[in-house]
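Asker: This is what each chain is made of:
There are 4 protein chains.
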Amino acid sequence: MVIIMNPDATTKNIEDVIAVIESTGLTAKVMEGVQQRIVGVIGDKTRLAACAIDAMPGVEQSVAISKSYKLVSREFHPHSSIIDVDGVRIGGDEFVVMAGPCAVESREQLLEAAEIAKQGGAQFLRGGAYKPRTSPYSFQGLEEEGLKYLAEAREKTGLRIVTEVTEVDAVDTVARYADLLQIGARNMQNFRLLKEVGRTEKPVLLKRGLAATLDEWLNAAEYILNEGNPNVIFCERGIRSYETYTRNTLDLSAVAAVKHLSHLPIIVDPSHGTGKWRLVKPMALAAVAAGADGLIMEMHPNPAKALSDGPQSLTPENYNDLMRDVKKLAKFMRDEGIHSIDLA
Amino acid sequence: MVIIMNPDATTKNIEDVIAVIESTGLTAKVMEGVQQRIVGVIGDKTRLAACAIDAMPGVEQSVAISKSYKLVSREFHPHSSIIDVDGVRIGGDEFVVMAGPCAVESREQLLEAAEIAKQGGAQFLRGGAYKPRTSPYSFQGLEEEGLKYLAEAREKTGLRIVTEVTEVDAVDTVARYADLLQIGARNMQNFRLLKEVGRTEKPVLLKRGLAATLDEWLNAAEYILNEGNPNVIFCERGIRSYETYTRNTLDLSAVAAVKHLSHLPIIVDPSHGTGKWRLVKPMALAAVAAGADGLIMEMHPNPAKALSDGPQSLTPENYNDLMRDVKKLAKFMRDEGIHSIDLA
Amino acid sequence: MVIIMNPDATTKNIEDVIAVIESTGLTAKVMEGVQQRIVGVIGDKTRLAACAIDAMPGVEQSVAISKSYKLVSREFHPHSSIIDVDGVRIGGDEFVVMAGPCAVESREQLLEAAEIAKQGGAQFLRGGAYKPRTSPYSFQGLEEEGLKYLAEAREKTGLRIVTEVTEVDAVDTVARYADLLQIGARNMQNFRLLKEVGRTEKPVLLKRGLAATLDEWLNAAEYILNEGNPNVIFCERGIRSYETYTRNTLDLSAVAAVKHLSHLPIIVDPSHGTGKWRLVKPMALAAVAAGADGLIMEMHPNPAKALSDGPQSLTPENYNDLMRDVKKLAKFMRDEGIHSIDLA
Amino acid sequence: MVIIMNPDATTKNIEDVIAVIESTGLTAKVMEGVQQRIVGVIGDKTRLAACAIDAMPGVEQSVAISKSYKLVSREFHPHSSIIDVDGVRIGGDEFVVMAGPCAVESREQLLEAAEIAKQGGAQFLRGGAYKPRTSPYSFQGLEEEGLKYLAEAREKTGLRIVTEVTEVDAVDTVARYADLLQIGARNMQNFRLLKEVGRTEKPVLLKRGLAATLDEWLNAAEYILNEGNPNVIFCERGIRSYETYTRNTLDLSAVAAVKHLSHLPIIVDPSHGTGKWRLVKPMALAAVAAGADGLIMEMHPNPAKALSDGPQSLTPENYNDLMRDVKKLAKFMRDEGIHSIDLA
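Residue numbers (my numbering), protein chains in the order written: chain A, 1393 to 1736; chain B, 1393 to 1736; chain C, 1393 to 1736; chain D, 1393 to 1736.
Careful, some of the hints might be misleading.
Copies of the same chain look alike in the list, so a pair counts if it fits in one copy or across any two.
As the list claims (entries may be wrong) - Simulated crosslink set (SDA-like; lysine to any residue; CA at most 25 Å straight-line): (1) Lys1459 / Thr1636; (2) Lys1459 / Arg1670; (3) Lys1462 / Pro1708; (4) Lys1587 / Ser1530; (5) Lys1720 / Glu1486; (6) Lys1720 / Gly1620.
Calculated from the structure, these hints are not laboratory results.
Source: prediction; values computed, not measured.
Next comes chain A alone, as it looks inside the complex (with noise of 0.2 Å):
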């Protein structure tokens, strides 16, 4: 942390900043500029958020320069890390592709579309059986029944199965479905939830929230990991601007930022990240050439029907369209040894 003092900040008011750093057991450096004063504050900065020295007489602002999170850190852990779940490796050269409807809506459409994922090429299915929604008049899942068709769908196809948790009470419920447990933007930041995700031996698919910054979004994963599981994977599915023709606007930056700041895996999800289905090939084909590790993608048997979520939906037909050229593209990238970003 470095505080910057304000032009006419007195010796004494730098004499107490330094005092209440010093409280602390940390160490405090005076630099003498032009225009003003700075203090470095040198130590453990996990002790730092309990100083408020931001309120002081004669600061003008404090800068954080350190981060906050650790376990989840390249620094900590340079080389990237690989998630396997049940023989499925995330993180290493296999690009992973998972699709399926926003929700599972009745045994039929799931098996349909399990089917579908599964001859495309998808090793995951998705679905979500317990469905957080802006307006509780708006369908809310099937709950246990739907994991129920999902762990059917597994049998019959021998897909990986992916799907939301949002609530503590219900952890234990979906682990015994699901095989990847999917932590939903909304509840990015439910810490509670991300500690129950983190005391489970299921690998966790950690989105990004609505409007998490990166440091907020590699600070949450640092909860589940505090708690013991090692195995997140974090998901890109766009961040909220002013910009209304897209839904959300899908960041790809943070692919590689992420992969430069933490060694675990990332993918991403076209589909709520643009909210139109026009818009989730290009997205599809863009998240492979900038290293993501994989693709979380809506595809219904009929969208026109779908329960919610239909407009992002792929058809069949555009599913496979897009898994053709999508594992064309991974491998070219693979087999040329095109590497968007450098890493250990």
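Add chains B, C and D to chain A, keeping to what the hints say.
Answerer: Chains B, C and D alone, transformed into the frame defined by chain A:
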């Protein structure tokens, strides 16, 4: 809902759209424009979420035109609601102030803060016992011990207690000690938690999410009312924008907008809304003038030692200065009959 | 500027960074932390823009800590400036109101609006003769003919005239008719235009850009002062956020922030700031309470016939109602000595 | 346009709305819903800007449903346009790269950069001679001297020249030296400048504004085409969001969206789009995969000495590495017939 067809949509495309609409029991009307055709949908819009018409051939986009919330809507309930919190009436003539530290740190700190809050004229003591924090290594709150100190402070001062509940498991415990249950910004769309507080009889203070639209916020309140608890108070606490000088961008226009759209009261949090103690007083005065029903503010006996959020906390001196002027201004507005917005 | 090195930066990396800093005549100081080393830079920061230190090996990032503007800074000029516009003093005790239609549409419309503005108590008449419009097919303004009507309205009412200048070629013409030159939001970083109005002797009303930070806005004013024109008045008119209920998000905290950072006056535009006439009055009152030096508002004799920006224009009745309460409130604030922010 | 009436709107209110619509020569149709009535407007929407219907009694809001741009629209011109810049065709099969320093700093620097750009495979040399800078004290460019160095570099290397024009007075001068006129982000809505370049015969590279919507951007291009110049190329360069890790948020979904909405080509600027050289390569590759027609990037012989924008500039080594992979990827996409978006 209005569905805008592509200029090159065929008659068959339009017939298909009408068929899907009518399959849900709604009525469709076609309007022929010069450049394009529009299909209007008439009937109960809550069924419409079930149709993903945007993905149908020939459809350019659909535009929702009616609101999905009802119980919180002023259309549904034209007269402004007054929420009674153990004798303090919020939403009526009285301007209500809630003050206290961000976090309950110790018995001494809290009792000292309560005394100052009371002397300054607040009706509520605020203080967090469960603290949602970005980093798992930051101070997370004293939990039930903190609630006990809050209860003791109520005994000593007569102030009502408002404190945050962050998880479903803790609702009963917090409700035993608090007069007003706060749902924090990060939990605004924690729908399970909303339902749980909706099942209690305690009034709820619902903070706006970090990047929530007014529509999402009003729908979040609808979750609470829909469970049977009509006593919701909104709290505008700043939204996330590109501006980093302030911690958040306090959206004071939300005060009048919410009063136009809903019958429920709304208060303002200028501490989180700005993140800088220097800006708390001007924004507090502005909130009064904009027609807010009250304020919630951070005040700390010694902000430079606060365990969290010090930079935005007022010192006792700043707090007293602010309260003197806020009370004068609120009295002036009431005595002069200055209404910032005309309501039924 | 503070330069944060990577944890694995070598001594050679740090020496190279110091060499680049010293090559520009500045001084570097190294601070050794537990996890990382920091290099502080001391001296005139305007030279620092010339060094792209972030791209050097071993550098994690650099953090700017001093401001690039000087003449507009309160540090440079501690006492608040009062700008005299032909006898009306902005930034002092008087609260100043500028009202009138968005666009000058006809002689009749403008003279009628001027009469209403005057009767209601405004000191300035606003009205656009040159209109920057998103679409080339929208009404673009009456240009010099509109300026003549404005001058005629001044003759008849004694109101001062504020009107927008959108291009360098028109500065002389507009300056012949107007008392206060407005730079619109879209031109806040039209640096050539800023320099041109900086060479006139007319006071300038500088609106905040659609998505401008406070720092960019203050620097834009610096362009004007740097050319020799010290008479700049800021105008907060709302910023672009994700919220679409309002046309923009009015950032009233900017009022107090600008007063803290600069000695120049600031007024507020609640019409563009909200885009909805219902929200204009509450935001106008809030602006008074926040410590603004004045308001600029759209008022139209017949908003439903306005050629632009009708939805945010006040009717004469709404205008008179607003003015009555704004004047009462401004008088109250002054008489009671309520200061929203403490300034030298 | 669709006008949504309040639930309590009277028949008189609706009649008044219809009267205003019909007074402009348009046709109105009323649609009766369960909760509210809607008035649809049929006819040439460019007249509609003249009616401020939102402010009329009984009106809740109006929703625009047709686009205000025509000449840039794909509806108007279904086949993709190819823009020929002195023999280099943009928008067709060839992937085009523009590379060079942010600013022309000296003859030596520019000629060295040109040689590197050429060797790496770029078709265009970029370099700013007129630099719009946030602070008046930052380096503002070499102006015409810089243009002469650019022309000399063209002579020596055969590269086409793209450079920014920031003011109306300079359009003729810049057009004498440049092959492609760049309109920068800050000038995207400098309508006078747009008209001026619209009157030249030079192709124009139109960067997206800092916080411009797609609709505003397409309308800005419409200003140019409407003056008679059909040769516009869009450039996505990142938008302003709350995320500060990157300088801007590169909105790659805009590539496919613009191709859906318009027939004009679009290229991507990953340097300004991220502000961090580490992220330039992954975003460049992603842009290729998303279907962009080209790239514009900052490359500097010695980024650590760059007079502006160093942190986002590539070194020659990084540039060559990037170009090798970008060319491979573009060739692969073309050879395999991978289309990110289906177009006529």
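Asker: All hints are to be evaluated individually against the structure, with a verdict given for each.
Answerer: These are the hints, each one checked on the structure:
no., hint, verdict
1, Lys1459 / Thr1636, "between (32 Å within a copy, 14 Å between copies)"
2, Lys1459 / Arg1670, "between (38 Å within a copy, 19 Å between copies)"
3, Lys1462 / Pro1708, "neither (42 Å within a copy, 34 Å between copies)"
4, Lys1587 / Ser1530, "between (28 Å within a copy, 15 Å between copies)"
5, Lys1720 / Glu1486, "both (12 Å within a copy, 21 Å between copies)"
6, Lys1720 / Gly1620, "neither (37 Å within a copy, 43 Å between copies)"
In this structure, the earlier hints numbered 3 and 6 are contradicted, and the remaining ones agree with it.
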